[in-house]
Amino acid sequence: MESYLENNLARFVHILRHLGVTVSTGETVTALKALQLVNIMDREHVRYALQATLVKNHEDDPVFDRAFSGFFTVPEIKRQQQQDWQEAKEERVRLLDEAEQDLTYLGEKLDLNDEEKLLYSQLAEDEKKRIREYLESSFLPDDRHHAFKPMLEFQVRGSLRYWKQRLAEEDGLPVIPGADVDDEVLAAIGQNSASEDSSLLYEDMKRIGDRQLPKVINILKKLSRKLATKISRRYRMSKKVVKVDLRRSIKSNIRYGGIIFNLKYKQKRIQKPNILLMCDVSGSMARYAAFVIQFIYGLSAVISHIESFIFAEELERVTPYFKKIRPFEETMVELIGKSRIWGKGTNFGASLASLRTNFPLLLTSHTVIIVVSDTKTLDLELAEHELATTRRSVKEILLLNTLPHDEWKDLRSVNIFQKFAQVYECYTLAHLERVLRRQFLH
Amino acid sequence: MQPDKITIEQLRSGFESNGYIAEDEITVPVYLALRLEKPVLITGAPGVGKTEIAKVLAEVFETDLIRLQCYEGLDENKALYEWNYQRQLIKIQLIRDSGSGESMERDLFSPEYLLERPLLKAIQAPKKAVLLIDEIDKTDEEFEAFLFEVLSDFQVSIPELGTLKSRHIPVVVLTSNGERELSDGLKRRCVFLFIDFPSVEKEIRIIRVKVPEAGERLAEEVALAMNYLRHNLEIKKKPSISETLDLTRALILFEADRLEPDLVKKTVNLLLKDKDDIDLFNSQVGPAGLVEIVRSEQSKRH
Chain G
1 MESYLENNLA
11 RFVHILRHLG
21 VTVSTGETVT
31 ALKALQLVNI
41 MDREHVRYAL
51 QATLVKNHED
61 DPVFDRAFSG
71 FFTVPEIKRQ
81 QQQDWQEAKE
91 ERVRLLDEAE
101 QDLTYLGEKL
111 DLNDEEKLLY
121 SQLAEDEKKR
131 IREYLESSFL
141 PDDRHHAFKP
151 MLEFQVRGSL
161 RYWKQRLAEE
171 DGLPVIPGAD
181 VDDEVLAAIG
191 QNSASEDSSL
201 LYEDMKRIGD
211 RQLPKVINIL
221 KKLSRKLATK
231 ISRRYRMSKK
241 VVKVDLRRSI
251 KSNIRYGGII
261 FNLKYKQKRI
271 QKPNILLMCD
281 VSGSMARYAA
291 FVIQFIYGLS
301 AVISHIESFI
311 FAEELERVTP
321 YFKKIRPFEE
331 TMVELIGKSR
341 IWGKGTNFGA
351 SLASLRTNFP
361 LLLTSHTVII
371 VVSDTKTLDL
381 ELAEHELATT
391 RRSVKEILLL
401 NTLPHDEWKD
411 LRSVNIFQKF
421 AQVYECYTLA
431 HLERVLRRQF
441 LH
Chain H
443 MQPDKITIEQ
453 LRSGFESNGY
463 IAEDEITVPV
473 YLALRLEKPV
483 LITGAPGVGK
493 TEIAKVLAEV
503 FETDLIRLQC
513 YEGLDENKAL
523 YEWNYQRQLI
533 KIQLIRDSGS
543 GESMERDLFS
553 PEYLLERPLL
563 KAIQAPKKAV
573 LLIDEIDKTD
583 EEFEAFLFEV
593 LSDFQVSIPE
603 LGTLKSRHIP
613 VVVLTSNGER
623 ELSDGLKRRC
633 VFLFIDFPSV
643 EKEIRIIRVK
653 VPEAGERLAE
663 EVALAMNYLR
673 HNLEIKKKPS
683 ISETLDLTRA
693 LILFEADRLE
703 PDLVKKTVNL
713 LLKDKDDIDL
723 FNSQVGPAGL
733 VEIVRSEQSK
743 RH
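As given, the protein sequences belong to chains G and H, one line each in that order.
Residue numbering for the first sequence follows my numbering, beginning at 1 and increasing consecutively.
Residue numbering for the second sequence follows my numbering, beginning at 443 and increasing consecutively.
Quick caveat, the hints were computed from the structure, so don't treat them as lab data.
Be aware that one or more of the hints could be misleading.
Said to hold, decoys possible - Derived DSS-like pairs: lysine-lysine, alpha-carbon spacing no greater than 27 Å straight-line:
| id | chain 1 | residue 1 | chain 2 | residue 2 |
| --- | --- | --- | --- | --- |
| 1 | G | Lys395 | G | Lys376 |
| 2 | H | Lys580 | G | Lys266 |
| 3 | H | Lys707 | H | Lys678 |
| 4 | H | Lys533 | G | Lys264 |
| 5 | H | Lys580 | H | Lys520 |
| 6 | H | Lys447 | G | Lys33 |
| 7 | H | Lys570 | G | Lys33 |
| 8 | G | Lys33 | H | Lys569 |
| 9 | G | Lys129 | G | Lys149 |
| 10 | H | Lys533 | G | Lys251 |
| 11 | G | Lys251 | H | Lys520 |
| 12 | H | Lys707 | H | Lys652 |
| 13 | G | Lys409 | G | Lys164 |
| 14 | G | Lys128 | G | Lys89 |
| 15 | H | Lys533 | G | Lys243 |
| 16 | H | Lys563 | H | Lys497 |
| 17 | G | Lys264 | H | Lys580 |
| 18 | G | Lys243 | H | Lys520 |
| 19 | H | Lys580 | G | Lys243 |
| 20 | G | Lys376 | G | Lys338 |
| 21 | H | Lys520 | G | Lys266 |
| 22 | G | Lys264 | H | Lys520 |
| 23 | H | Lys563 | G | Lys243 |
| 24 | G | Lys33 | H | Lys607 |
| 25 | H | Lys680 | H | Lys652 |
From just these sequences and the hints, can you work out the full model?
Written out as structure tokens, the structure is:
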């Protein structure tokens with residue numbers, strides 16, 4: 001019985017971790033002790049005991065609720081989950097087999113990973129046929145086949161990557177059955193998660209549909225208000241005692257005949273960071289920009305000294321738009337209407353050069369530049385040079401990269417940014433909140 | 443009653459007899475914290491009854507409530523102990539005048555000159571005390587790190603006196619309004635409890651317990667009005683339970699037995715404490731609108 005409890009708890013913790021909740025081993029042990037103190041047959045008591053010992057952020061409660069409902073469920077649903085998961089696994093194996101049979105060169109399988117094979121299996125029949133025909137028609141008439149195969153694999157990979165990106169931009173990536181989920185409960189929870197409002201926080205901002213916009217705007221308002229309160233509080237001078245101020249102590253104790261009766265302390269000074277935002281509004285970035293600007297709009301309402309710029313081929317200062325107190329929608333319409341660069345190509349180097357030349361006073365040792373961009377830019381050399389120069393005059397450069405982390409290694413531009421800036425993955429609202437909180441509230 | 447031997451039923455009845463309406467979602471985590479002898483970290487919006495839990499626990503166990511109110515800049519001197527510097531100086535002056543300087547230094551650093559602050563008081567208490575560390579999110583991170591060191595060992599080293607170990611591990615209640623993210627280290631050591639605004643049913647029960655003069659209908663209408671304001675208006679400072687009770691008491695003073703637009707108009711300042719919130723309420727709902735909504739919700743319930 002005991003080991004049954006321990007195994008189940010370990011599996012439940014595994015699920016929570018997989019869903020992004022941080023649970024330490026110590027907390028798991030505490031949860032086990034807690035379970036021994038409550039009536040294990042009372043479902044609600046078990047729920048509250050696990051919640052109190054494993055989940056330490058209220059924001060994670062919806063995730064916990066989903067995991068709990070999925071895990072501690074009636075046997076019929078459990079059986080159904082098991083069956084669905086089994087079917088999904090079989091379907092996955094079938095698709096992988098099919099892809100392996102299709103993607104061959106002179107009878108030899110191409111060296112592709114499972115994700116690539118599954119992506120191939122989700123393509124339209126025409127596209128699959130095109131890839132197959134290309135493979136069939138490609139061969140060298142001599143004995144250099146082995147040397148030629150890696151090149152073909154490289155090309156097929158490139159083509160699949162293109163499709164992955166395109167599908168993501170259009171209407172979301174296809175659902176890949178049973179993808180890398182080793183648990184039927186997780187598979188079931190994963191399928192249900194998309195319907196939850198809270199999952200908007202974890203949704204790629206570019207895929208958030210117009211229908212969900214009011215909810216997103218509400219979330220952004222809450223986030224920006226919460227952060228604004230925190231930031232302004234941290235700006236206040238700390239009363240924390242650091243060390244005795246001898247000069248002031250002696251001066252104020254002369255009346256006691258030189259005996260230092262009342263001590264005076266030196267106070268710690270907290271320097272406010274000056275935030276300068278540069279938001280990429282080129283074609284591929286416009287959707288993200290709208291969300292980030294919404295967020296900054298919320299912050300600007302409370303914190304006065306945020307300087308905001310948008311950039312694409314060149315740079316435009318947009319701070320004055322946020323100084324006027326009026327609805328966000330009006331601000332955005334005016335901003336996009338008047339902007340000459342919205343939706344154009346990106347030249348980060350030229351934009352940064354323009355910032356240095358036209359607004360030199362904004363670049364001080366207290367300035368933190370936040371760049372929101374996917375790093376894809378024309379003239380990478382110029383961008384590198386300008387980043388290096390600007391970095392020397394400011395406190396810090398943060399890049400909020402809207403590309404997922406696993407794509408960074410393929411891009412030279414990200415490597416260059418990483419030399420001069422702290423680069424953070426930031427394509428969901430949750431990422432955005434986490435980065436700003438870590439940077440400004442600690 | 444011993445905190446580390448208590449049962450859920452005893453705790454539940456203890457809460458009830460002290461007028462604290464708590465369901466299992468509150469009772470179970472508090473019970474676990476007591477039994478596991480771990481601090482309980484309570485978060486939630488201001489005014490949902492976080493601090494009250496510590497006060498009620500002190501009543502339930504008939505022990506002292508030692509309160510450490512946190513603020514920005516709070517340091518070990520204010521939280522743990524401090525030497526009574528002024529008293530030490532006077533002593534030095536007296537000894538200097540009388541000419542007896544023997545063993546002066548040892549005397550000056552004796553417990554007589556030690557000012558015990560809440561943490562040390564809780565550790566040194568002759569009986570298991572309830573230590574309330576209120577609004578921990580207002581302190582600095584360094585203090586938080588220091589605090590969780592004290593909370594894990596329950597002992598304090600004072601260089602001049604040696605190590606003081608706790609006689610009883612106190613019941614520790616930490617509260618946070620969520621103004622700042624607390625460190626993972628502190629959260630890991632605590633049992634976590636988030637208290638949300640109460641449901642309409644729970645709020646009716648709270649009103650009936652705390653303001654018994656209020657009739658069933660008035661309590662229901664006030665609870666429905668509060669529930670509407672909290673969940674449907676984008677107000678900055680949502681009305682708390684204490685504001686609900688203030689409103690109910692005010693309505694009793696006006697001898698009201700139900701909500702009326704003119705009464706809402708007179709008492710709106712008790713609910714909404716921010717000018718923007720009041721403007722928003724007046725422009726989007728207004729007193730008559732609120733009463734209408736409450737009545738329609740009330741008819742759905744019956």
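(message) Hint compliance check: list the failing hint numbers for this structure, sorted ascending.
(response) none
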